[in-house]
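Construct the entire structure; sequences and hints are all you get.
There are 2 protein chains.
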Amino acid sequence: MEVNANCPNGDRSRFDSARIPDGPTNPMVTPLLTDLYQFTMAYAYWKAGKHQERAVFDLYFRKNPFGGEYTIFAGLDECIRFVANFKFSEDEIAFVRQSLPGSCEDGFCNYLRGLDCSEVELYAIAEGSVVFPKVPLLRIEGPIAVVQLLETPLLNLVNYASLVATNAARHRFVAGKSKILLEFGLRRAQGPDGGVGASKYSYLGGFDATSNVAAGRLFGIPLRGTHSHAFVSSYMSLDEIVDKSLPSSDGSSSCEDFVSLVQTWLNKIQWSSAFRGIFGETNQSELAAFTSYALAFPNNFLALVDTYDVMRSGIPNFCAVALALNDLGYKAMGIRLDSGDLAYLSGEARKFFRAIEKEFGVPGFGKMSITASNDLNEETLDALNKQGHEVDAFGVGTNLVTCFAQAALGCVFKLVEINNQPRIKLSEDVSKVSIPCKKRSYRLYGKEGYPLVDIMTGENEPSPKVGERILCRHPFNESKRAYVVPQKVEELLKCYWPGSLGKAREELPPLKDIRDRCIKQLEQMRPDHMRRLNPTPYKVSVSAKLYDFIHFLWLNEAPVGELQ
Amino acid sequence: MEVNANCPNGDRSRFDSARIPDGPTNPMVTPLLTDLYQFTMAYAYWKAGKHQERAVFDLYFRKNPFGGEYTIFAGLDECIRFVANFKFSEDEIAFVRQSLPGSCEDGFCNYLRGLDCSEVELYAIAEGSVVFPKVPLLRIEGPIAVVQLLETPLLNLVNYASLVATNAARHRFVAGKSKILLEFGLRRAQGPDGGVGASKYSYLGGFDATSNVAAGRLFGIPLRGTHSHAFVSSYMSLDEIVDKSLPSSDGSSSCEDFVSLVQTWLNKIQWSSAFRGIFGETNQSELAAFTSYALAFPNNFLALVDTYDVMRSGIPNFCAVALALNDLGYKAMGIRLDSGDLAYLSGEARKFFRAIEKEFGVPGFGKMSITASNDLNEETLDALNKQGHEVDAFGVGTNLVTCFAQAALGCVFKLVEINNQPRIKLSEDVSKVSIPCKKRSYRLYGKEGYPLVDIMTGENEPSPKVGERILCRHPFNESKRAYVVPQKVEELLKCYWPGSLGKAREELPPLKDIRDRCIKQLEQMRPDHMRRLNPTPYKVSVSAKLYDFIHFLWLNEAPVGELQ
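Protein chains in written order, with the UniProt record's numbering: chain A, 1 to 564; chain D, 1 to 564.
In short, the hints are calculated from the structure, not lab data. Where hints are given, some of them may not hold.
Just so you know, same-sequence chains aren't split out, so a pair can sit in one copy or run between any two.
[Said to hold, decoys possible] No farther apart than 27 Å at their CA atoms in a straight line, the calculated lysine-lysine pairs in the BS3-like style are these:
no.	residue 1	residue 2
1	Lys494	Lys447
2	Lys177	Lys438
3	Lys177	Lys351
4	Lys47	Lys244
As C-alpha cells, this is what we get:
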C-alpha cells in the first residue's frame with residue numbers, strides 16, 4: 001500500500017477525520033457568514049487564474065481596549081472548528097452564484113464545491129494568552145481565494161471574544177481575587193450568541209459562574225441564580241402557602257408548620273433589645289415569597305431583599321426565614337442587593353447579620369454571603385472598594401457583556417506575503433501601516449520572570465536565544481530600540497491547523513484550562529502594565545533585520561510627493 | 001365529534017400547526033437560553049402549587065437610547081417564533097434537573113415535559129413601530145411559571161434588535177433620504193448573530209443593503225461588496241494578467257488586449273492638458289488589480305482607491321480602467337474611499353470625474369458613484385454634511401452594529417398583575433417604579449396628522465374616541481397633565497400569539513414590509529421629536545383612572561418611614 005508521506009493515514013481522504021473538531025458552537029457560522037466582497041474577490045482571483053497563489057495574512061489589533069495596556073486573546077477554539085469544517089453546501093453555492101454581480105461561470109461553482117481548508121495552515125497564539133497590539137494573534141497561510149473567504153468569520157469570532165474576555169479580566173482585576181464574580185448579562189447582550197459568547201468568554205477571563213443556562217450546558221460553566229423581584233411581588237400573603245411542612249436537614253424530624261416558625265422568629269427579632277425600633281411591620285408578600293422559596297430550596301436559600309425596603313423589610317424577613325431554617329439544620333446562603341447604595345446597604349446588612357449571630361448564638365450567621373448587582377462595571381467596583389463594602393459576590397450584566405465602555409475591538413486581517421513576496425499596506429496614519437512578511441513572534445522574559453517585550457522576526461531568522469543580547473526595535477519609530485538579554489524565550493505562534501500537511505497540531509484545550517492559562521498569565525505580568533490608571537505600555541518590537549526590511553519596502557511602495 | 005369551544009380545530013392537538021411559524025433564526029435560541037433563576041423560580045412556584053396562577057407581565061424600556069427621544073421596536077418576529085416553538089427536549093430537562101440546587105422532584109420534570117405556550121397570550125406593538133419609554137412593547141399573559149421562563153429570551157430578542165434598528169434609523173436621519181446606506185459591520189459585531197442581527201435590523205431601520213452574505217440569504221436583504229485593500233496589494237504588476245481579452249458589452253466585438261487599452265487611457269489622462277502635473281507614475285500593482293477586477297466584473301466595476309494614494313494613484317488608475325470599459329460599452333460603477341479626509345477627497349474625486357467627462361466627452365462620468373467607509377457614525381455623517389461632500393453611499397460598520405455610542409437598551413420585564421390583582425414594583429428611583437395593571441395603550445393623533453401622545457388605560461376602561469376630550473396624565477408627576485381631542489386613535493397592542501384561545505392572530509409581515517412601516521412611521525413624527533440636538537420628548541401618559549389607581553397602590557405597598 002502506498003502511503004502519502006505528508007499524511008500518516010494515507011487511506012483517509014485529505015484529513016484525518018478523527019482529528020477534526022466539531023463545528024462551531026453556533027450553527028449559523030457557515031462559509032456564508034462573510035462579506036460579499038470575499039466572494040467577488042474570490043471570483044476575480046479565480047477568473048485571473050490567481051486563486052491558488054499562496055498568501056499569508058496576519059490577524060491582529062492595533063490598540064488595547066478600555067484604555068488599558070493588555071488584551072486577552074480568545075475565540076481560537078471556534079476559529080479552528082470553523083476552519084476544520086469549512087465546506088459549501090449546494091444551496092450555499094447556488095446562493096453565492098445568484099449574489100455575484102453579473103454572470104458567474106460554472107467553473108467557479110465547481111471550484112467552490114471542491115473547496116475546504118486542507119491547503120490552509122493556521123498558526124496562533126494560545127487562547128487565553130495576554131496579548132498586545134501589532135503582534136499577530138493568527139497567521140493564516142493558504143491559497144489566496146480561500147484565505148480571503150475566511151477573513152470575515154475569523155475576525156468576527158476573535159473580535160468580540162477577545163474584547164469580552166479582556167473586559168472580564170479587567171473586572172476581576174478591580175474586584176480582587178477573593179470575590180466571586182457572576183455574569184448576569186444574557187438579557188441585555190447583543191443577540192442570542194452575544195449572550196452565549198459573553199458567558200463563555202467572561203468565564204475564560206476570570207469570572208466564576210454565569211446565569212445563562214444554555215452556556216452552562218454548552219461549556220460546563222458553573223450556573224448561579226435564585227429569584228427576581230417578580231417572584232417576590234407574585235405573593236400576596238402567607239396564607240397562600242399551602243404545604244407548610246419541612247423535614248429537618250438530616251431527615252430525623254419534620255416541622256409541620258414552617259410558616260409559624262418563620263413568624264415566631266420574625267417576632268423574636270423584632271422584640272429583641274438588639275433590634276428594637278429598627279423596623280416595624282415588614283412586607284408580608286415578601287415574607288411569603290421568602291418562606292415559599294426556602295421551602296423549595298432549604299439548602300440553597302438566597303433572597304433578593306430590595307423589592308420593598310432593604311433594612312426595614314428585606315433583611316429582617318430574610319433573617320427570620322434563615323433562623324427558622326437554622327432550627328431545622330439548614331444553613332441559609334445569603335442575600336442579594338439589586339439597588340440603592342451598595343456600600344452602605346452591604347455594611348448595614350453585615351452589622352445586622354453579626355448582631356443576629358450574637359443575639360441568638362448562631363455561629364457563622366455574621367458571615368452570611370452578600371451578593372450585589374445593579375449596573376455594575378469597573379468604575380463602580382472601584383468606587384465600592386474605595387468606600388469600603390461588605391459584598392462577597394458581584395453580579396455583572398450589561399456593562400460586562402455589551403462591553404459598554406468600548407463596544408468593539410478593532411482586529412484587522414492584512415496580507416503580509418504573496419508568492420513569497422512580502423506585502424505592506426501603507427497609510428497616512430503610521431499606526432495603520434502593516435508589518436510585512438511571514439513572521440515568527442517571541443515573548444522575551446527578564447530576570448524577575450516578567451515578560452519584557454514581544455519581538456517579531458522574519459520567518460527564517462534564527463530564533464532569539466536565552467542569554468543572548470538582542471536588539472529590539474520599535475517597528476516604526478527609528479529612535480525607539482533596546483537591547484534585551486532574555487532569561488526565557490517563548491515562541492508565540494503555534495500550529496493549530498496544519499491543513500493536510502500532516503504536521504503536528506496543538507491540542508484545543510478545554511475551556512477550564514484556557515481560563516487557567518489566562519489567570520496565570522495575568523498574574524505573571526509586571527503590575528505597572530496592569531494598573532487601571534496610566535498603565536505602562538508593554539513593548540512590542542521587531543528584529544533589526546525585519547526593521548530594515550519594512551523601511552526598504554515602505555520607501556519602495558510609497559509614491560513620491562511633489563510640492564506645488 | 002366534540003369540538004373544543006376555544007379551539008376551532010378540535011381534532012388538532014392544541015395548536016393549529018399550519019399557523020405555527022418556523023423556529024427562531026438562530027437554532028441556539030431554545031428554552032435553555034434563559035437565566036437559571038427562571039428555573040429556580042419555576043420550581044419554587046411548582047412546589048408551592050402556584051405555577052398555574054395567571055400573571056401579566058409588561059416588557060418595556062425606560063429611556064430612549066443615543067440621547068434621542070424615540071426608539072424603533074424590533075425583534076417581535078423572532079419572539080413569536082420562539083414562543084410558538086417553545087418546548088423542552090429530554091436532554092434539556094435532564095440538564096435543568098442537574099442544574100437546580102438541591103434535589104429536584106420528578107414531578108417538576110414531568111411538568112417541564114408537558115410545557116408549551118398554549119396557555120400564553122402575547123400582545124405586542126407592530127414591529128417597526130416608533131415607540132416610547134414606559135409603554136409596553138409586549139404584554140405577556142399566562143401561567144406565571146412559563147411566562148417567567150420566557151423573560152430572558154424575550155428581553156434578549158428585543159433589546160439588541162430595537163437598539164440597532166434605532167441606531168440605523170438615526171444614521172438614516174443624518175444621512176438623508178437620497179443617500180445609499182450600507183451595513184458593513186459583520187467582522188466587528190458582537191458574535192456571529194450579533195452580525196446577522198445587525199444586518200437584519202439595520203435594514204429594518206432604513207439601511208439599503210448589507211455586506212453580510214448569510215443575512216442576505218436568510219432575510220432577502222440586498223447584498224453589496226466589491227474588493228478590499230488585500231486584493232489590491234495581492235497584485236504586483238500588469239504582467240500577472242494572463243487572459244487580457246474582454247468582449248464588448250453587446251457581444252458584437254472583443255478587445256484582445258484590455259490591459260493595453262487601460263494603459264493607453266492612463267497615458268491619455270496623464271498627458272492631457274486638464275490633468276498635467278496632477279499625478280506622476282501611478283502604482284502598478286493597483287492598476288493591475290483594478291484591471292483584473294474589471295475583467296471579472298465589467299458591468300460592476302467599483303474600485304477601492306485608497307490603498308496607496310487616492311489622488312495620485314487610485315483615481316487616475318480607476319479612471320483609466322473605467323474609460324477602457326466605456327470604450328467597450330460598459331459603465332463603471334464608481335469608487336470607494338476608506339481613509340483620509342472623506343469630505344475633501346470626495347470633492348476632489350468628483351472634480352476629477354467631471355474633468356474626465358468634459359475632456360474626453362464621456363456623458364455621465366462626472367456622476368460616478370462615490371462610496372465612503374472608515375469608522376463612520378452619526379457624528380461623522382453630520383460633520384460631513386456640514387463640510388459639504390460628494391459621497392453618494394456610506395458603508396457603516398463598527399459604530400452601527402455594536403451600537404458603540406450606547407451598547408445596550410435597558411428593556412425590562414415587570415409583573416403587573418397576578419390572579420387579577422394588580423402589582424407594582426416600587427423603587428427609590430421614581431423612574432424605576434412600574435405601572436401596574438393589565439393595560440391597553442393607544443396612540444392619539446392631532447389635527448396635523450402627527451402622533452400627539454401615547455396613553456395607557458386599564459384593560460376594561462372604554463377606549464379613547466376620536467373627537468372626545470381626554471385627560472392624559474403623566475404617570476408619576478401630579479402636575480403634568482393635558483387634555484387632548486384626538487383626530488385619530490390607534491390601539492397599539494395587538495394579539496400576535498393567542499395561545500390555544502383561537503383568537504385571531506396578527507400576521508407576521510415580511511421584513512420588507514416591517515421596514516416600510518418603520519420608514520413611514522418615522523416620516524409621520526413631528527420633526528422636533530426627531531432632531532439630533534435637544535429633541536422634544538414625546539408624551540407618554542396614563543388615563544385619570546389609571547393614575548389614581550397607581551397612586552393608591554403605591555401608598556398601600558410602600559412602608560412608612562420613621563425619622564429617628
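Hints, verified against the model:
1. Lys494 - Lys447: within (25 Å within a copy, 70 Å between copies)
2. Lys177 - Lys438: Classified as neither; 40 Å inside a copy, 46 Å across copies.
3. Lys177 - Lys351: Classified as within: same-chain Cα gap 24 Å, cross-chain 61 Å, threshold 27 Å.
4. Lys47 - Lys244: between (78 Å within a copy, 11 Å between copies)
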